[in-house]
Amino acid sequence: MAPPAAPKAGFQIGTEGFASRLILGSARYPNHDVLLRALQAAGADLVTVAIRRVNLDDPTGENLLSLLQRNGYRLLPNTAGCHTVRDAVVTAELAREALGTNLIKLEIIADEDTLYPDAEKLLEAARQLVAKGFQVLPYSIDDPITCKKLEDIGCVAVMPLGAPIGSGMGILNPYNLALILDKVRVPVIVDAGIGTASDVAIAMELGCDGVLLDTSVAHAQDPVLMAEAMKLACEAGYKARQAGRIPKKNMAQASSPRQGKIQIGAHKPGAPAQKAG
Amino acid sequence: MDVLVNGKSRAVQDGAGLRMLLESLRLPSLESGIAVCLNGEVVRRQDWERTALRDRDEVEIVTAAQGG
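Protein sequences appear in the order of chains A and B.
Numbering of the first sequence is given in the working numbering, commencing with residue 1 and proceeding in unit increments.
Numbering of the second sequence is given in the working numbering, commencing with residue 1 and proceeding in unit increments.
Hints may be right or wrong, so weigh each one.
[Unchecked claim] Listed next, the stretches of chain B that the computed footprint assigns to chain A, with coverage defined by at least 3 CB atoms under 8 Å from CB atoms of chain A: (1) 34 to 44; (2) 53 to 67.
[Said to hold, decoys possible] Now the in silico label distances, taken between C-beta atoms and shown as ranges: (3) B:Pro28 <-> A:Glu112: 29 to 35 Å; (4) B:Leu4 <-> A:Thr114: 32 to 38 Å; (5) B:Leu4 <-> A:Leu225: 44 to 50 Å; (6) B:Glu58 <-> A:His219: 45 to 51 Å.
[Stated by the list, open to error] Not close to chain A: a few residues of chain B, all C-beta gaps over 12 Å, as computed: (7) Gln13; (8) Ala16; (9) Arg50.
Hints are computed from structural coordinates only; laboratory data are not their basis.
Idealized CB from N, CA, C, for every residue including glycine.
Model the full assembly from the supplied sequences, consistent with the hints where possible.
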């Protein structure tokens, strides 16, 4: 079956265009069937994958890659599990060689409890990968200075966390995200920490260009329904942003006009009307 | 000679090349979807044919897997 015609691409990352601003991870799903149905419900175009050893004991086993490609999904490989610059760079090269894409989600983790990115190594790995022709999407702390440095290095997007990976705490620091949005010109994609649909809407209303999420859908009680909720939230938040919200005010402002309001005056309620004449 | 393939020791013919090793592994496809690292360096597909293996070489063969 031929893949469906590519939808109009409204979301540009580097040289690549996508119709959906929601990027989904492929991890932690109970099985491939649920994964596929969730991806469809989310309306995602781009899906992240990790790079791991082929299972040589069962090399012809169920193949995630062919499943995703057959269903028309584009792939964003990641450097998950890498703790050093060299590991991340080699993993990215392997990903490009295996999948034929130069997109790479760059993550180098410093700490196993928080899974926080190691900013120093991230910057160095980003430099090396940009020099090798990769389109780098770095998973970063929500620090505007680091994000600006990543942009200056030549990353095609920045991906600040909303909260630690898998924590479901949502957008912990909207102020920082606003600072990042103010400082950088490349797409800002919130990556990590999303818990539920409203978190996605908040990110998009702030002005983010996209959201990357995984656990919030894969571990929801009904992943397919949650995927649909995320899709709607992403669209709602994006449109609300485009529509231009009212400013917040401290004092009330009546919405109904005063002009034309009737005057009841001093008449007592229940008193008979005066006779004419 | 013995080479390490995805962390496990494997006996291979003396003088065997990388391509020959890959062909012996019954992978679903060699044309796309996998990549190979030899002693920490990526070996591009077009170079598999002319890459020789030596005793105690370390080969990593990778593909896409579930990831966030």
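Status of the hints after comparison with the structure:
Proximity of the stretch 34 to 44 of chain B to chain A, defined as three or more residues with a beta carbon under 8 Å from a beta carbon of that chain, is established by the 8 residues found. Coverage of the stretch 53 to 67 of chain B by chain A holds [criterion: at least 3 residues with CB-CB distance below 8 Å; count 8]. At about 34 Å, the CB distance of B:Pro28 to A:Glu112 agrees with the hint of 29 to 35 Å. Between B:Leu4 and A:Thr114 the beta carbon distance is about 33 Å. The supplied range of 32 to 38 Å therefore holds.
Take B:Leu4 and A:Leu225: their Cβ atoms lie about 45 Å apart, and the range 44 to 50 Å holds. Checked against the hint of 45 to 51 Å, the C-beta distance between B:Glu58 and A:His219 comes to roughly 36 Å, which is inconsistent with it. Residue-level check passed: B:Gln13 sits 18 Å from the nearest beta carbon of chain A, beyond 12 Å. Against chain A, the non-interface label of B:Ala16 holds: every CB pair exceeds 12 Å, the least being about 16 Å.
Against the 12 Å criterion, B:Arg50 stays outside the reach of chain A, whose nearest CB is about 16 Å from its own CB.
Of the numbered hints stated above, the single one contradicted by the structure is hint 6.
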